[in-house]
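Novice: Sequence:
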Amino acid sequence: MHIYSLTNPRSPHRTLAAFSLASLLFGCATTPPPATSPTSIAQTPSVSTTLITEVEKRGGAPENETLDPVIIDWIGTIASDYGWLFALGELGGLDEKTVNDSTRDFVASQLAWLSGDLETSADLINRLAVTDPQSVALVIREKQRKLTQSGDFLGAAKLAVNRDTQGDPALASSGTEIFELLSNASRSQLEAATRRAAPESFWHGWLTLNLAYREGKPAVRTWLNKNRNHPANQVALPAGLSRWLNERPPARIAVLLPLSGRLKSASEETLNGIVHGIYSHYRADAERPDLITIDTELLVNGGNAYQLAVESGADFVIGPLIKSRVSEVAALPELPIPVLALNRAESPQAGDAKTNLLSLSLAPEDEAAQISALAWGKGLRSPLIIAESGLWGARMTDAVSTTWQRLGGSNPQSTALNPEVEDNQIVANETGTASSITRIRAMERAFDAPVDTQPRKRDDIDSIFILIDSTEKARELRPLLKFNYAGDLPVFAPSSIYQVQSGVNNRDLDGVNFVLAPGLMGTEGNQTQLFLLGLDAAQFVSHFNQALTTPATVMHGETGSLAHDLRGNVLRRLNPVVFARGRVQASR
Numbered sequence: 001m002h003i004y005s006l007t008n009p010r011s012p013h014r015t016l017a018a019f020s021l022a023s024l025l026f027g028c029a030t031t032p033p034p035a036t037s038p039t040s041i042a043q044t045p046s047v048s049t050t051l052i053t054e055v056e057k058r059g060g061a062p063e064n065e066t067l068d069p070v071i072i073d074w075i076g077t078i079a080s081d082y083g084w085l086f087a088l089g090e091l092g093g094l095d096e097k098t099v100n101d102s103t104r105d106f107v108a109s110q111l112a113w114l115s116g117d118l119e120t121s122a123d124l125i126n127r128l129a130v131t132d133p134q135s136v137a138l139v140i141r142e143k144q145r146k147l148t149q150s151g152d153f154l155g156a157a158k159l160a161v162n163r164d165t166q167g168d169p170a171l172a173s174s175g176t177e178i179f180e181l182l183s184n185a186s187r188s189q190l191e192a193a194t195r196r197a198a199p200e201s202f203w204h205g206w207l208t209l210n211l212a213y214r215e216g217k218p219a220v221r222t223w224l225n226k227n228r229n230h231p232a233n234q235v236a237l238p239a240g241l242s243r244w245l246n247e248r249p250p251a252r253i254a255v256l257l258p259l260s261g262r263l264k265s266a267s268e269e270t271l272n273g274i275v276h277g278i279y280s281h282y283r284a285d286a287e288r289p290d291l292i293t294i295d296t297e298l299l300v301n302g303g304n305a306y307q308l309a310v311e312s313g314a315d316f317v318i319g320p321l322i323k324s325r326v327s328e329v330a331a332l333p334e335l336p337i338p339v340l341a342l343n344r345a346e347s348p349q350a351g352d353a354k355t356n357l358l359s360l361s362l363a364p365e366d367e368a369a370q371i372s373a374l375a376w377g378k379g380l381r382s383p384l385i386i387a388e389s390g391l392w393g394a395r396m397t398d399a400v401s402t403t404w405q406r407l408g409g410s411n412p413q414s415t416a417l418n419p420e421v422e423d424n425q426i427v428a429n430e431t432g433t434a435s436s437i438t439r440i441r442a443m444e445r446a447f448d449a450p451v452d453t454q455p456r457k458r459d460d461i462d463s464i465f466i467l468i469d470s471t472e473k474a475r476e477l478r479p480l481l482k483f484n485y486a487g488d489l490p491v492f493a494p495s496s497i498y499q500v501q502s503g504v505n506n507r508d509l510d511g512v513n514f515v516l517a518p519g520l521m522g523t524e525g526n527q528t529q530l531f532l533l534g535l536d537a538a539q540f541v542s543h544f545n546q547a548l549t550t551p552a553t554v555m556h557g558e559t560g561s562l563a564h565d566l567r568g569n570v571l572r573r574l575n576p577v578v579f580a581r582g583r584v585q586a587s588r
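Following this note's numbering, the numbering of the sequence shown begins with 1 at its first residue and continues without gaps.
If you are wondering where the hints come from, they were derived from the structure by calculation, not from laboratory data.
Be aware that one or more of the hints could be misleading.
[Stated by the list, open to error] In the SDA-like style, the derived pairs of lysine to any residue whose C-alpha atoms are separated by at most 20 Å in a straight line are: (1) LYS323 with ARG288; (2) LYS146 with GLY377; (3) LYS146 with ARG195; (4) LYS57 with ILE72; (5) LYS482 with ARG458; (6) LYS97 with LYS146; (7) LYS354 with ASN545; (8) LYS226 with TRP203; (9) LYS323 with GLY261; (10) LYS226 with ARG195; (11) LYS57 with LYS97; (12) LYS473 with ARG583.
Sequences are here, hints too, so could you generate the full structure?
Specialist: Dropping the structure here:
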């Protein structure tokens, strides 16, 4: 492998050197990443001809109290295109005339984070002593980004609040940014932080506002009356709260479901949730909307069902439930009344979102993206994906891989189960124990004697994603990982591995990290996901117009905390949990 000189002999940089040495030793101890091709290396921006020329035009590196955005952006581009290790080598090739110590530490901190060395990353950025306002802002934002990715949302929110109280425009954070970070924290975390916070502090105010929002409109109005001088109460409330507070309930809601045919049972379960949600959310008779149902199977086309809803005097639509019917509604040239679909359209494309259409669904891809982010936040960087065969497994693999690469990782290794091959053989091949056994047997044949050693797993994977749509299959795979000497690796999975049934023994899944809908926490099987979907759909009606004004979390529901993306998909954020002694526990 190629070894880089990572420190300038005239300006030794001990922490960077230590990180560099550890990185190179780690790289030599494991299976190396795919080599960068000569063509791609030749296309890499040249330090001597591009960057140094740019720095010389400015008169050299800035003072040590100031970060150099040119260096930061340049190394960041190299890391994105060629990997953190190559970027670390490029950073080591810059002398003190080109990069000052503060910028070197800042960039090295970013590269350490990408490598999974979270401790070194924190040490490097925490020792920075920059004073330039823009540099201070950059450091705080970088710390905030890392706290967010590692799941410390309270820490990230507190940094954002501190930025906001400095009085410097370069440091200012928006109220929605602070509120959204707090919305990612659990209620128990917020309550604990509130007890520790000074009662008159802005921090205490932000915490209690988020808790009040989770209680409902009366609690928020009470908060507004008690906190007239709080920053959130000065100009416009964050996260579209003003729109939500002033929202009037619809007079009539049309529910579009396949109430006949093969999905009749699923539709009835969803409808039960909607009815229950309407009565619990709109308690006053005068505010409770009328409810009408339309069978999408009888009308053949989702567009026809929507038109009938309009003609029936509805001013809000919940449904359809089937993807093809949602696509037919989305294809209509105009949607005069709002639609909260209960599935996502077939093959949605970016930019297809309509102003009056949002899609709330139980899409498992949301869970795949979340467990990918959970693993990344723990400093894991070399996962192996073992997925269900077929379309479901492919979609889940793509969701994990897309999120992983967006966070800065390389495309994860993946394999799909094959009905024609035993699961144990697939696991043995992918974890490397099969080849290890082959080598041991070859040695035994060569020496005509037993070899006193055990098979070993590959050392270039540090975690495993089990993307399986079956509790039983997950219970079979987990022991196979242990049998193949990979039982010590962190394992992540979607909620499909969880079975809501009293008495089911999940001890085989102990230690598996996954995500679970809040409404399923602690239940004994008396609520289904479709019922919870109906509950959330009914409550989301009052948040619909608010959601159109903000990408922030607008509702903490039974299927998850809900926000929407640019495509109009309502994304679910579930509770991170882990199996311990066969029971579900909140992740720490």
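Novice: All hints, please: hold or fail.
Specialist: Against the structure, the hints come out as follows:
A distance of roughly 29 Å separates the Cα atoms of LYS323 and ARG288; the hinted pair therefore is violated under the 20 Å criterion. About 8 Å separates the Cα atoms of LYS146 and GLY377, which keeps this hinted pair within 20 Å; it holds. Note on LYS146 and ARG195: the hinted pairing is violated, with a Cα-Cα distance of about 25 Å set against a maximum of 20 Å. Of the supplied pair hints, the one linking LYS57 and ILE72 holds, its CA atoms being roughly 17 Å apart against a limit of 20 Å.
The suggested pairing of LYS482 with ARG458 holds, with an alpha-carbon distance near 14 Å, which does not exceed 20 Å. Among the hinted pairs, LYS97 with LYS146 is inconsistent with the structure: their alpha-carbon atoms are about 29 Å apart, more than 20 Å. The suggested pairing of LYS354 with ASN545 holds, with an alpha-carbon distance near 13 Å, which does not exceed 20 Å. For a cut-off of 20 Å, the pair hint linking LYS226 to TRP203 stands: about 15 Å separates their Cα positions.
In summary, the hint linking LYS323 to GLY261 is supported, as the alpha carbons are separated by about 16 Å, within the 20 Å threshold. Among the hinted pairs, LYS226 with ARG195 is consistent with the structure: their alpha-carbon atoms are about 18 Å apart, no more than 20 Å. This hinted pair checks out: LYS57 and LYS97 have alpha carbons roughly 12 Å apart, not beyond 20 Å. For the given pair, LYS473 sits about 18 Å from ARG583 by alpha-carbon distance, which is consistent with the 20 Å threshold.
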